[in-house]
Structure formats: structure tokens, C-alpha cells
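There are 2 protein chains.
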Amino acid sequence: MALDYSRAGDWILREDSFDPEHLGKCEAVMCLGNGYLGLRSAMEEKYLNETRDLLINGTFNQFDPSAVTELPNAADMTAIELTVNQERFTLEQGNIDFYSRELNIRKAELKREAVWISPKGEQFSLTFRRVVSLDRLHDFAIQVQITPLSNDAEIEIKSGIDGRVTNTGAQHFTEGDMRLYEGKHIQYVQKTTQSGITFALNTAHRFWTEDEELELSAQLHMEVRKIYGIYRTRVKKGETLKIEKYCNVYTTRDLELQGKTVKEMQAFSLEKLKEQKAFGYAKLAADTEAEWNRQVWERVPIKIEGNAYDDFAVHFAQYHMRLMVPAHDNRMNIGAKGLTGEGYRGHCFWDTEIFLLPYYAFTQPETARKLEEYRYLTLPGAHKKAADNGYQGAMFPWESAWMDDGEVTPEFQNADIVTGLLIKVWSGFIEQHITADVAFGVWQYASITGDQDFMDRYGYELILDTARFWASRLEEKNRQIHERVNEQGITEFTETVTKDGFLHICDVVGPDEYKEHKTDNAFTNYLAAWNIRKAIACCQLLKVEKPKLYQTLNEKLELEHWYQEWIQKVDRIFLPAPNEKGILPQDSTYLNLQEIDLSKYKAQDFVGGIFHDYNQTQINQLQVSKQADVLALFFLLEDLFPREVKTATWDYYSERTIHDSSLSLCTHAVLAADMRELEEAYRLFEKSTEIDLGPVMTTSDAGIHAASFGGIWQGAVYGFGGLRTLDGRLRIDPCLPDAWEKLTYEIIWQGQRLEVSVTRGNVRVKNLTKTKIVELKLCKKTVQLEKEVTAEL
Amino acid sequence: MALDYSRAGDWILREDSFDPEHLGKCEAVMCLGNGYLGLRSAMEEKYLNETRDLLINGTFNQFDPSAVTELPNAADMTAIELTVNQERFTLEQGNIDFYSRELNIRKAELKREAVWISPKGEQFSLTFRRVVSLDRLHDFAIQVQITPLSNDAEIEIKSGIDGRVTNTGAQHFTEGDMRLYEGKHIQYVQKTTQSGITFALNTAHRFWTEDEELELSAQLHMEVRKIYGIYRTRVKKGETLKIEKYCNVYTTRDLELQGKTVKEMQAFSLEKLKEQKAFGYAKLAADTEAEWNRQVWERVPIKIEGNAYDDFAVHFAQYHMRLMVPAHDNRMNIGAKGLTGEGYRGHCFWDTEIFLLPYYAFTQPETARKLEEYRYLTLPGAHKKAADNGYQGAMFPWESAWMDDGEVTPEFQNADIVTGLLIKVWSGFIEQHITADVAFGVWQYASITGDQDFMDRYGYELILDTARFWASRLEEKNRQIHERVNEQGITEFTETVTKDGFLHICDVVGPDEYKEHKTDNAFTNYLAAWNIRKAIACCQLLKVEKPKLYQTLNEKLELEHWYQEWIQKVDRIFLPAPNEKGILPQDSTYLNLQEIDLSKYKAQDFVGGIFHDYNQTQINQLQVSKQADVLALFFLLEDLFPREVKTATWDYYSERTIHDSSLSLCTHAVLAADMRELEEAYRLFEKSTEIDLGPVMTTSDAGIHAASFGGIWQGAVYGFGGLRTLDGRLRIDPCLPDAWEKLTYEIIWQGQRLEVSVTRGNVRVKNLTKTKIVELKLCKKTVQLEKEVTAEL
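Chains as they are written, first to last, in the working numbering: chain E, 21 to 813; chain S, 21 to 813.
Don't take each hint at face value.
Pairs of lysine-lysine residues, derived as DSS-like cross-links and limited to a Cα-Cα distance of at most 27 angstroms, are as follows [said to hold, decoys possible]:
id, chain 1, residue 1, chain 2, residue 2
1, S, K292, S, K246
2, E, K283, S, K444
3, E, K66, S, K622
4, E, K204, S, K444
5, S, K622, S, K707
6, S, K622, S, K444
7, E, K131, E, K323
8, E, K622, S, K178
9, E, K140, E, K204
10, S, K178, E, K66
11, E, K140, E, K404
12, S, K246, E, K66
13, S, K444, E, K246
14, S, K801, S, K786
15, S, K303, S, K131
16, S, K66, E, K178
17, E, K178, E, K303
18, E, K246, S, K66
19, E, K246, S, K246
20, E, K444, E, K404
21, E, K323, E, K786
22, E, K792, E, K566
23, E, K444, S, K178
24, E, K323, E, K622
25, E, K283, E, K66
26, S, K292, E, K178
27, S, K444, E, K140
28, E, K178, S, K444
29, E, K178, E, K262
30, E, K140, S, K140
31, S, K576, S, K404
32, E, K444, S, K707
33, S, K786, E, K66
34, E, K178, S, K131
35, E, K444, S, K131
36, E, K620, S, K178
37, S, K801, E, K444
38, E, K262, E, K294
Keep in mind the hints are simulated off the structure, nothing from the lab.
Here chain E stands alone, though its shape is the one from the complex:
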């Protein structure tokens, strides 16, 4: 089975058959949420391989000292177990006469319908609806309608709060306190074991038959980590029982509860539950739909005409980018799987700056600012990481969680097929480009938004502090690392050292994580140099234009000293040059590694297949890339190389890249569009939408691919829409693929809302705000936009 796009034109993603072998897919892609909480769409009735997640952003907990911190899976409130005439409702037994599950992204509502014939042959019609509120960040609700079609039915409903859920076996909470208030409001209070965050979860139910409300009293059960009621009623054949379950969750980490006691939180959350219960499901759903319109669909319009699936895919990306982003709180960021699964443990990566930030910066600047403020708040951890590694300034963690956690990348994962040992994850130690990516994000945010207040408070400091790290990181010695697996299966490292007058960055992992312990990774070195140059420029600007701020920052960061360092070092950084064929070397060894036939791995519909044949040490010796590396550099610093170099380099690496990362396809798609390889660009764009929406049903099990949703938006708006910010200047240079008739999108450039519409014949840019004249490069010409400007394509 697969997802069904037949209703894509109505912004509806469908699943048209029940597939117990691939529950993870729809749980993740049909997830609901609001940036505060993510509610995985496991079904109301339970299934064997389900993953039932309720994740609250920022509530990290470390299971034990040997584990890395992760977003804990809070107690479940979505389960509603139904028994009809003594038969347990489960789609795994009996027969299914009709099945449909739909996520309506416009409404952010999940709806599931089934006509089920029980093993004993009785027919029931069921409809399940579920919504997570967007204006009431703590609230969600479920509505179930069940109609016996064959006979009258005794219906038993088992529903409450279940604290037995774990994160792949790790329990992050104390057993917790349970209580029933007024015979009907269930409360469960659980506390994370290490970070000490207390959660209050509340639920209550209402019941109707044929619009008449029933007063069903619960037979209450409290078991270990579990509190639930059993409700029983009789429903006549053809009549409908409607059940509504109201839920909320609050934590002591919530900004609005700071200064409150746990008891106050319990009382407050209970009041809020009663409020929700009083107004009911329909109003919660209607308010949520209105809020989605206000916050997303009316505010960030985009339209692809000519292809309903592509249009849907971009809106679907927007849907998920709203689900994942903590627009309400700058103390947290975006996990690599958003809040849709336990993968990557809720940690954020460079994905935020490179793949997601452009969307928020161009459309919801106040949200983008929060994401960048988070980096500022994590500076203490970055200082610590630098100091721990013998460097200075701010060395950002590869994986980042709560503000003061510092580096949280796990040290080991998976198994080495040759030695049988766990594989060391080197990213947390040597995937260092993240620090330049953060600086790049700061600069990009400020360029797009023109937010000078942010730069004054946080931005300059971040750029200067990261540049201090790079200056301390540069090495006089050109060290080449060699690895060898000894007879005990332990990897041993040796190095050969030369001196050539250049400054090098040795022993790193670049964006292509299939290459470890490499020297002079082009992406890393060029971005480090960019970071230092920006710091030099900031110093010069601040001295002249903001002497007081300069003085403050000088006292904090010793700018006088570092400025000299930067000036002395920046031109000595080794920046790999294209070879005689115009190919930029990814690092000092790549072009000389062994080449192998990669067609097998390119054809595989799962990632990491190459590890079934080679171990990391062996892959390190092969010309194979996991994802864009040099090409990602072209994408960020577009004007660095002439077209010929880009083409030759593109041809070389795209052949050697197996896209084993969700971050790869979109970058390639945008670059292909830049090079006007429109057919290839469209093929890559389509493939990038398929990472989560495609026919392979296992790719989203651990959660959706957050960065790839930024990538889909970039594929449309940066790639075909031609949008780019080039060293602080706006450029629009679009081109439509054959499949599209028209592309329209809106962005906010330094406070001015611009509407861009692209047809095959021309591009028109309108300034909807009209309070400033906007200078932009439209196609190849610089223009001054007052109200509207058009260019032929």
C-alpha cells in the first residue's frame, strides 16, 4: 500500500487501506502539533508495532549518565479502546468494508473512517476525528462516532492516561501521581527523572447518542503508571454514539508557568481542561482551522498551478514546518524529526540554519529570530565545548538540546559489519562546520529581515565569537590522518605531517558524513574563512558606526587581540582550488580514492545500504558521498566560482552521491535549477518530496525529515522561484519546470511584503507593503521596486 494523493487538490493526504505492517508512516506524516507539542497519529485502538508519541518541545531528560538527553515521550492520552458486544475493536481482526484516513492540512485535522465487520459478523461504522489546537497550545481533542449497523450494541469504552509508554524502552518519568477529580476529570502528574520537569496531563470525556448527552459514570482503574475509566452504554442499531475526549498537557518548563508551584499548575491545567470540555470538540476544531489560516495559510501564501501534487507537497512542507517550530519560546529549537518521532532524540543540527531558517526568515521573521536567539542562549555550552577541546571562542555542538546541555551527540551507534562492534559517531567531535553554519544563519537572518536590533543584541556577538573559534582552530601543520583496523577490531589512527605555510583544518567530518578524519574539507575551510571575514567586517563596521557596542563587545571578546589574529590568518587559510578539470576537491584525498560502481546503492529505496557491504573505515577509502558537500558550498556561497567549475564539479559529485541523507536531494534540486538543468531539477525536486510523502513506507518511522521540508520549500522558491540572498542582496531569477504553469509566492524582505508570480513567460514582483523602495536583482538586472516590476523570462 502507499499514500493516496487523489485529494491533494483539497489539501488532503489520504491513506486508503489499513496497513498494520507500516504504521509508522502515517503516524509521522499525519502527525498533529503546534510547536509546543507534537502528537504522533497512532490510532485510538492499539496495534503491535505502533509508536505512540506525545513530545513536548524543550523538555529534555537524560535517562542515565551513560545516555544522551532526549525529548521524553509523555504519557499517552490518545488511546481509546472500544469493545462492542464483547468483541474488541481492532482492524487486524474481522473484515474491513471501508477504510479511509485523511489528514486535512488546511484544518490541521485528522479523520479516520471505517466500516468494520467484527469476527462474529456484526457491522459497525466508525469515524475518528482528532485535532491539536493552534491557539491553545496545550490542548487537543478526539471525537469518536460509532454506529452499530447490524444489531443494538453494548459498547464499552476504556480510556484514560497511560504512563507506560517509553522512548524505545527508556522510561523518562517517575511513576507519578494520579487523581480523579469530581468523579470525571482524570489527572496524571509525572516528573522527568533527571531534569526534574513535572508534567500535568488531564483528560475528560463526554458522550452523546443522537445529540442527547449521556451522563456515563466511569468505573475507575488505577494501575502502575496507568489511570483510566471504563464506560459502558447501550446503543441501538442505526443510532450513533459520539464520544469526545478532551486532553491537555502542561509542564513546569512552560514559560507561562514560571514562578508557579506544581500544585498551582495542577489546578490551572484542570481549570483549562474544564474550559475545553465545556466548549467541546467542534469549537476547538473550528478555532484551530481559523488559527491555521491566520498564522500560516493567509500569512504565507504560495501556489503552484499546473500540478496539484506539487502544490500540495509545498503546503505539506509548510504544515510540518509549523508543527515543528517553537514559535512560542526561544529556549528551544527544531529537532531533526520535528516533534513527530523519537529519531535523533529531539536534537537540533545545522538543519535549522541551512535548510529551515530561510523559510522562517522570509515569511515569519519573529519565529526565525527565536531560532537564532536560541543559538545565543546556548553560547555557554559552545564556550565549554571549545575549552574542552583546547580551542577558544564559541564551538557549537553538532547536536544541541536544552540551553545548557552543550554537546549531546551520542558517541556510538549501529554496528560495524566487519568487527561487530558499535560504530563511533565522530560528528560530535569533529563535524565542526556547524559553528560556521550558525554564523552563516545569523548573517542570513539579518540580511533577509534587516533586524538591526537582533544584530546589536546577539548577531554581532555570535559572528565574532564563532570567528574566535576558527582562528584558534586553524593549524600550521598539514596533518593527514590515516586509519587502520587492528586485529582486535579497534581502529588505530596515525598521521603524516607536513608544513606548507598555509593554515589547515585537519581531521574533520564535512557535510558528507561518509568521509571522516579528513583534512581541508572545502565546505569547512571556505565557510570558516567566510566566518572570519565577516567578523573582520563587523569589527570595522562597529568601530565606526557603533563604537559603544564595539567597546562592550571588545571587553567581552577581546576584539582588539582577535582582530589582529583574523587579519594575519584569514589569507593564509588553505582554500582548495579546482583541479585542471575544474573540479573542486571535497578534501585533500577524495579525488584520489578508489572508485566503485554505486548503481546498487542508488537503486535502493532505503538509506545506509552501503553499510551492509562496507564498514565506515572502508567507505572512507571510496569515492562515494552520502550527500551534497562541495555542492552545498556552491549553494550557500553562490558567487564563489565560475559557472564552468560549478558544472564540472556538479557532474563529478552528483555521480558519486547516493543521497543517503534527506538533506541532499533538495540542495541538488536547487543547484540544478540554478544551472537551468530543469528536467533534472524537477526530477530531484520530486524525489525530495518523496522522502516523506513517497511510496517507501518505512522512511518516516522515526519521524519526518524536518530539514527536507525546508528543502522542499527551497526547491520551489529558491530553485524554480529563483529567490536568493547573495551576500545581503535580494535576487529573484526564476524558471518554471514543464510540469508547472504558474508559481506565486510571498516573502517579506526587510519589512516589505513582496508577491512574486512566475509564469513560463515572465516574472512579476509586487511590493504589497510599499513603505520602502526595494532594490533587487531581478533575473540579471538590478531594479528598484516601488510597487510592481515585471521581467520577461
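Dock chain S against chain E, hints included.
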């Protein structure tokens, strides 16, 4: 569905249909084990409501400071997931043409057979066998045979070690280290989070088609807390693929590993796995069968002729009493659910002394001694509990776990139906008769075995130290506790105090746990007096016969002082007397409480039903008993009251007892036999066998009822077999129920093995050892048994 006893005559318990709604029953009653480990019989393929437990005795861990310590559920090795021609094997889908699961208790082997028609219509025959070794305590193995009947089949086997299992949501282990050795031996090393016990678990596989061994190489997967291989092979129609999975588990708490490092344990356990793998399933099963014969069936013969079910039920009790008992180690005891489930968290209770000890003492004295030594080893915790409560001597914990844990009864459980609050569990605070039960067990063990060495080393000290507690516990004031629930739902206590010259034991819970905060509970007071009298007798005996030991104990326990206390106090203990109708009052208020109609609760096939209508405070005011209380006293101290009192008291309480405890029916059965109410005795005996074996499919979900198995043996041997030890003397006074033709059993009395055979006409006792003359009361006459003696009935 229900269990099937059609093969009871072959010592086989059957399940004749697959019932996914009641998996817990057979998981528990068909559990395998050896006292070191308990392996719950969850099926190889996974189901939604399964509980997959591997419990290692004594390896307690506390999840967090707010939780009570419990036996952690170790990583699972029993799952073997099969995919046949791309269809997952699960009995929940497709059709079942044949199904049978059998536990053969003679062999201690589990066998499951099925003919399954997949959803696509392909037919497969499957046989699963499983055995836990009895001579190799760490080892178990599974054999799977699968035969495609419709077509050739691609078979995929996913099997390894899964550390994601929890105890009802609580994870007791670190994430752990995984490793594959030599491409085939899987090892998982996990450590308990608080107690720091490291477990090494090992598994490996072998495969055959039609007796030809296959070399299948695993595609290895390591995920969070999970390591497994995927094996694939093709099997021709009609041919059989045989899979054997070998497993073992070791922990750093194992006696034989003391002084060894974790690394040494890893290496040792791996060697042991290879050994098992080399000799294979058939030999492990054959050796296990032989060892069961040696340790249990030949050593502890018992035979009921005339009723195959009853004969089976008693052997089934023996089977489980071998599974639960740590015959290998005196640092642990018997959990209330044995090692068959997570209920009662592996803690031991008075169940050991009162219900289980007689079986072991009469048949396997060296094992019984270990159970009693455990109490000696837990004395430090008993001293601490006494001191914490302001008493002296040894106050034993109501629930006991690892030696130095002390009291481990949880403080709260379930919900109060009136207030919605958690119910406080008072047992750990005031169910104090346990201390006298321990002393009684010591005396009983010594009487039966004549083990003077035990008495010298541990027994006297235990009796004296517990008597010190009771002397300090007695109160001059007669306090009556009154409870009231205030408007906030909080229970408030007040007391009225009088002085009457007697010494009282106020504010306790007796064996009938439906009565809390009672004064002068008959069972408690009489046993406390018994305990003190035994201490006085021990003092007198030691002074004369073992003056050196007396001196040592006097220095340790201040016997000179306490002896005076005991003498002064023992006769002043208030011992409730029968009322004018000959009814012994359970406590100072029972006979005046409100009476209600209990027929509803007596008819219920589940326990605790009364709590759906009344809360604890209300039940405290009703004439309803959970279990034998005064009657249990009659059972232990048989000669305390004349027959008329016994009969009147029996009539009164048995009407008011709803047997909401598994400890109740067997006591009643034995007493009914004592009173020659044979029909009633047999009815109660049958009901006591049904606690785990009966038709109600949910009673064993959290594990079997350990004490009730002791109770079944007692029902047969004490009840109908007439065996008893009365203040140190042996009595045999049997009577057969109509359903039985003959009962034969063997016991060891003070080193002499006696064979007792009872027919309806007579009883014959043979001394098989014949090294001593045994004095016993046979029926009503005292006889001196040299070789054989017979009495008419």
C-alpha cells in the same frame, strides 16, 4: 476459551485455541524456570497485550527514589519473528487450521503446534518447543520447525536480543553494550540503574533443512537497546526448516561469579553459550527432563488415584514450587508471583513461611533451610524497621526483597472510589504478624527436619530476636482507632484510650487485610504470645543444654533482661476469648460491625469487586473478610480451642469471607477436612486449584499465586492426607474425599523418609529410611514406627 485438562493424565496442560484477549493466563501458568530464572511463556511471534518477562531472582533494582525496588525484566531473547513469502506470521491474521499449546510438566517443556493459513492463503505447519534447563541454571533454548505446505517459501527470521522491554513501563537498565562475536554470537550487556548489577545475555542460532545444517549468515542490526540478525532461506514445499535458538543469562550477582570482572563474565557466558550451541536443543531438553526427575518427581512422589485432574493439580503445584524457589542461593526468597510475572514486584511475604515452607521442609529440607537462612540474612533490615518505629528487636518487613533493602511495601496503590485518591497501603506499616510468622516458620522448619545445626546458627536467634520485638510492641493502653474521611477526602484518625491491666497490640492489620487499624487482632495476639513463649522456652533450654551458645546470644541480645520482660508480660497479653456462642472475635470490633449481603461478591469471578461499591474506610465498618484470619490461627495452632469453638467460629467467618486472597481457600479446605466436612473440603480444594488453573482467564496475568500452590499441596497432604506437625510432634490423620480412591505421598520427618498411603479403608505409613524409630500420632493413637504401621479409617 479456557485451559484444557484432557491430557492431565499425561501431566500435560493444554490450551486448545489461540486467544489474543487472554495471553496472560498461559504466559504465567505455562511459565518455565528453575529458581534462578523465570521465563514467561510469551509466544515467539509478538502480540499486542503480551507480557514478555525474563526475571532473574534476587536482581532487585529501584527505578527511582519514589519507587519500590522490584525484580527487573531483563532483555528478551524469546522473540523470533517469522516472515514467510513476505507475510508476517501472526495468528491474529489469516486462519488457524490447528492450534495446540502444551506444557509437559514432567519434562518441563513447552510445545506449540499450529497449522496456519496466511492471509494470502498459503498453508504452513509450525512447531515451537522451548525448555529452560534445570541443571544449567543460566540456559534456555527454543526450537522452531516450519514446513510450507502450499508452495516453496522464502523464510525470513528476525531474532536476537531486545532490551526495550520494561516492568509496566519502568526501565531498569542502562542502554547497554552490544556486540556480535565471530559473526554469529550475539551478546548484550545491560546494567541495573540503581543496584548496579550487570547482566550478560547471549544468544546464537543454528538452522537445518531436513537434517542438513545450513550456514546462514545474519544481516546484523543494532538499534537503540536492540540487537538482532535477519536470516533468510528458501524452503521447498513439504520440507521442514528447523531453527534452534540458544540463550543464556548471567549476572554479577550470581554466587559463582563473585570476584569476577564484568569482562570475565562476558567471556565466560560466551563460552557457555558456545557449549550449549554445540550440543543443541535435544540434549538440553533431555538433560532437563532427567534433572526434573531427579530433583522433583522421583524425590517428592505424590499420587492421587481416582481423579486425574486433582493428581495433575498437585503435580502442577510441585512444578511451580520448583520454578519459584531459589534452591541455589540463600540470599533471596520466593516472590508472591514466583518468577512468572511482575506482580508484587518479586517481593516475598508471609506466604513463604505459612503456605510454602511446609512443602519444602517436608520434602526438600536443604531448600527449606535456605529460605529460612534468608530471614536470618535480612535481620539488619528487621532491626532497622524496629528502630525506625520505636521498637526493639527484629521487626520483619511485610514485603522483603534484597537482603539489605528492609521494608519494601509500596505506600500507595489503586484508587479510592469515593475520594478519587490513591489508597494508602497500610501493610508495610502495621501488618505486623509477619514477625511472628517468621518465628513460627523457624520453629516449624526445625520441628520437621530436626536440623539442630540450623537452630544453633540461626534459629534460636531468630526466635529470641522476634520475641524482643513483641515485648517492646505490647501496649499498656487499649487504644481503639477511629477513622473518618474529612471534606478534603483525607482520612483522619482519632483514638479512644482505656486501661484494663492487659497488654494490647493496637492499630494493626491482621491476615484479613479488609480490616485496618484494629486492636487485639486474635491472630496477631495469639501468635505474638506464642512467639514470646517459644523464646522463654528457648532460653530455658539453652541455659541448661547449650550454655556457651546461651552466653553468645545473651551478649548479642541481652537475654537476661528480656527474659524478665517476657516472663512479666506474656501472661498479661490480651488473648481474645470465644463469646457466648463460641465465636472467637477477629478483633475488638468485628462482631459488632454492620452486616451486609455478600452474595454478589462471592459470585464474582474476580477479586476486589467490593471496592467498586465501597471504599476501604467503609469496608472497615462491615462484617466482611478478605481471607481466613481467625481460621488461619486455628490452622497454625490447632490445639488452642475445643472443637465446638472451632465449628462455631468456622460457621461464622466462612459465611463472611469472600476469598479475595489466594491464601484463603486452601486454609479453609484444610480446616474443613480437619472437621471432616469432606464435601465442603473437597469443594474448597477444587476451588483452590482453580485460582490459576480455573476457567477465569485473567487471574494469572501478573503471575501465578505462589502461596496457593503451597496451599494446594497442603490441601492434599495436610487436608486429606492428615499430615500436621503439632508443637513439634508428627501427626497423620487422613480422610479421603469421595472423588479419590487412593492418596500416596512421601515426606521426610527428621531424616526418615516416610511413605504414607491412604485408601478409603486404611492408612499405611512405611519408613523407607529405617535408621530411626519415628514416633507419630496416627489417627488418634501415638505409635512408634519402625518399618511400617497401618490404621483403619
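Each hint, compared with the structure:
For the given pair, S:K292 sits about 22 angstroms from S:K246 by alpha-carbon distance, which is consistent with the 27 angstroms threshold. In summary, the hint linking E:K283 to S:K444 is supported, as the alpha carbons are separated by about 20 angstroms, within the 27 angstroms threshold. Straight-line distance between C-alpha atoms of E:K66 and S:K622 comes to about 34 angstroms, which puts the hinted pair past the 27 angstroms bound. The hinted pair formed by E:K204 and S:K444 meets the criterion: a straight-line CA distance of about 21 angstroms does not exceed 27 angstroms.
Restraint check for S:K622 and S:K707: the C-alpha separation of about 12 angstroms stays at or below 27 angstroms, so the hint holds. With a C-alpha separation of about 25 angstroms, the suggested pair S:K622 and S:K444 falls inside the 27 angstroms cut-off, and the hint holds. The straight-line distance between the Cα atoms of E:K131 and E:K323 is roughly 25 angstroms, inside the 27 angstroms bound, and the hint therefore holds. Pair hint E:K622 plus S:K178 holds up; C-alpha atoms about 26 angstroms apart against a cutoff of 27 angstroms.
Taking the CA atoms of E:K140 and E:K204, the gap is about 33 angstroms. The hint is violated against a cut of 27 angstroms. Between S:K178 and E:K66 the CA atoms are separated by roughly 23 angstroms; this keeps the pair inside 27 angstroms, and the hint holds. Only pairs whose Cα atoms come within 27 angstroms are accepted, and E:K140 paired with E:K404 is rejected, the gap being roughly 65 angstroms. A distance of roughly 22 angstroms separates the Cα atoms of S:K246 and E:K66; the hinted pair therefore holds under the 27 angstroms criterion.
A distance of roughly 17 angstroms separates the Cα atoms of S:K444 and E:K246; the hinted pair therefore holds under the 27 angstroms criterion. Restraint check for S:K801 and S:K786: the C-alpha separation of about 16 angstroms stays at or below 27 angstroms, so the hint holds. With a C-alpha separation of about 16 angstroms, the suggested pairing of S:K303 with S:K131 holds against the 27 angstroms cut-off. For the proposed pair S:K66 and E:K178, the alpha carbon gap of about 23 angstroms is at most 27 angstroms, so the pair holds.
Using a Cα cut-off of 27 angstroms, the hinted pair E:K178 and E:K303 holds, with the two alpha carbons roughly 25 angstroms apart. About 22 angstroms separates the Cα atoms of E:K246 and S:K66, which keeps this hinted pair within 27 angstroms; it holds. Distance restraint check for E:K246 and S:K246: the Cα-Cα separation of roughly 26 angstroms lies within the 27 angstroms cut-off, and the hinted pair is therefore satisfied. Between E:K444 and E:K404 the CA atoms are separated by roughly 22 angstroms; this keeps the pair inside 27 angstroms, and the hint holds.
Restraint check: the Cα-Cα separation between E:K323 and E:K786 comes to about 15 angstroms, which is no more than 27 angstroms; the hinted pair holds. Straight-line distance between C-alpha atoms of E:K792 and E:K566 comes to about 24 angstroms, which keeps the hinted pair within the 27 angstroms bound. Between the alpha carbons of E:K444 and S:K178 the distance comes to roughly 25 angstroms, so the proposed pair stays at or under 27 angstroms and holds. Distance check on the hinted pair: E:K323 and E:K622 sit about 32 angstroms apart at the alpha-carbon level, beyond 27 angstroms; violated.
The suggested pairing of E:K283 with E:K66 is violated, with an alpha-carbon distance near 32 angstroms, which exceeds 27 angstroms. For the suggested pair S:K292 and E:K178, the alpha carbons sit about 47 angstroms apart, so the restraint of at most 27 angstroms is broken. This hinted pair does not check out: S:K444 and E:K140 have alpha carbons roughly 43 angstroms apart, beyond 27 angstroms. Using a Cα cut-off of 27 angstroms, the hinted pair E:K178 and S:K444 holds, with the two alpha carbons roughly 25 angstroms apart.
At roughly 14 angstroms between alpha-carbon atoms, E:K178 and E:K262 fall within 27 angstroms of each other, so this suggested pair holds. Our distance criterion of 27 angstroms between C-alpha atoms is met by E:K140 and S:K140, whose separation comes to about 21 angstroms. Proposed proximity of S:K576 and S:K404 is supported: the alpha carbons are some 16 angstroms apart, at most 27 angstroms. Restraint check for E:K444 and S:K707: not satisfied, since their Cα atoms lie roughly 59 angstroms apart, outside the 27 angstroms limit.
Annotation: proposed proximity of S:K786 to E:K66 is violated, straight-line Cα distance about 60 angstroms (limit 27 angstroms). A C-alpha spacing of about 34 angstroms is found between E:K178 and S:K131, which places the hinted pair above 27 angstroms, so the restraint is violated. Note on E:K444 and S:K131: the hinted pairing is violated, with a Cα-Cα distance of about 42 angstroms set against a maximum of 27 angstroms. Taking the CA atoms of E:K620 and S:K178, the gap is near 24 angstroms; set against the 27 angstroms cutoff, the hint holds.
A threshold of 27 angstroms between alpha carbons decides the hint, and for S:K801 with E:K444 the separation of about 79 angstroms lies outside it, so the pair is violated. Between E:K262 and E:K294 the alpha-carbon distance is near 19 angstroms, which keeps this suggested pair within the 27 angstroms criterion.
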